[in-house]
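Sequence order for the protein chains is A and B. When you line the first sequence up against the numbering used here, it's residues 348 to 499, in that order. When you line the second sequence up against the numbering used here, it's residues 94 to 229, in that order.
Rather than coming from a laboratory, the hints here were simulated on the basis of the structure. Note that the coordinates shown come from a computational prediction; the quantities given were computed from them, not determined experimentally. There could be a bad hint or two in this list.
[As the list claims (entries may be wrong)] Restraint ranges, calculated between C-beta atoms of paired labels, are given here:
| hint | chain 1 | residue 1 | chain 2 | residue 2 | range |
| --- | --- | --- | --- | --- | --- |
| 1 | B | Pro221 | A | Gln427 | 52 to 60 Å |
| 2 | A | Phe367 | B | Ala202 | 53 to 61 Å |
| 3 | B | Ser192 | A | Pro462 | 52 to 60 Å |
| 4 | A | Lys419 | B | Gln223 | 38 to 46 Å |
[Claimed, not checked] Not the full set, but computed from the structure, chain B residues with beta-carbon under 10 Å of chain A:
| hint | residue |
| --- | --- |
| 5 | Ile129 |
| 6 | Phe130 |
| 7 | Asp141 |
| 8 | Met142 |
| 9 | Lys146 |
| 10 | Pro147 |
| 11 | Gln169 |
| 12 | Asp196 |
| 13 | Ile200 |
Don't be surprised by glycine CBs; every beta carbon is placed ideally from N, CA and C.
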Amino acid sequence: MIVRQLRPWSVALNTPTNSFAQMRRDMESLLERLTGVTGEGSTSGVFPPMNVSEDQDHYYVRALIPGVDAAKLDVSMVHQTIAVSGIRQSPEERGASYHRKERAEGAFSRSVTLPESFDGARVDAKYVDGVLTLTLPKHEAAKPRRVTVQTS
Amino acid sequence: MATEQTQGLQARGARDIATTTEGTRPGVLLTPPVDIFEDSDALTLLADMPGVKPAHLTIDLHEGVLTITGHAEPQQGSNEVAVVHEYPAGTFQRSFTLSEAIDQAQIQATLRHGVLRLRLPKAEQAKPRQIKIQTA
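Let the sequences and hints guide you as you build the complete structure.
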């Protein structure tokens, strides 16, 4: 019995509640919030996480915004900057007591500046399965173009 | 150290069970954030799984352990180059241990806008009940 008291952590590792795993998770989420660095890649720590990619003709801006009413999503652009904002709210649950609340809720607003200009009149925005995808065609001048070199 | 007082649900993050559960698909295994709340009839669980279509979502109930797995297709086309990369494409997975207070046959699931809503009705004996006091 004395030996068990000297090493309480070996018992804790085998219990279903596993308080050490919970503590590790709490510390990781605290560090994520303070430094913006997650185990799965760096973020700015701001909701929603966004990926921006490009190919020859378009820019693609994708934001993970699950559970939003698409009518309340506000996408606006000026020059080379795209701004996405909205409010994420769960339906009010009367008389409910929360055991766990991990999902971010409330108003959000993020903007991203693209390296080149795009044609604002032909932007396509889709919201499918909680992912907002913006397809932005590049201006002709921003597309790479070959120049033939003439001799003599 | 605080212990959790959840009745009917205990969450085990995907990273805790990494040694026993391995993803069979290549890619990152992500833990979706969840909200769990309870009212008098049922427990409700909301999980953020953006990019997962209902066809790619599996909900497994085996020996009292509920596992939600959602596969999100990679969104980036093959000829696209990343400029800003904040989130990976991957599979969402999380497991929960259900107590007998849940009526497991009546679990309902809906997936809308990337949010999974699981309704776990309480078994009859777990619902709060008023006991009438009879006089004489």
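Outcome of the hint check:
no.	hint	result
1	Pro221(B) <-> Gln427(A): 52 to 60 Å	58 Å, holds
2	Phe367(A) <-> Ala202(B): 53 to 61 Å	31 Å, violated
3	Ser192(B) <-> Pro462(A): 52 to 60 Å	53 Å, holds
4	Lys419(A) <-> Gln223(B): 38 to 46 Å	41 Å, holds
5	Ile129	4 Å, holds
6	Phe130	4 Å, holds
7	Asp141	5 Å, holds
8	Met142	7 Å, holds
9	Lys146	6 Å, holds
10	Pro147	9 Å, holds
11	Gln169	5 Å, holds
12	Asp196	18 Å, violated
13	Ile200	17 Å, violated
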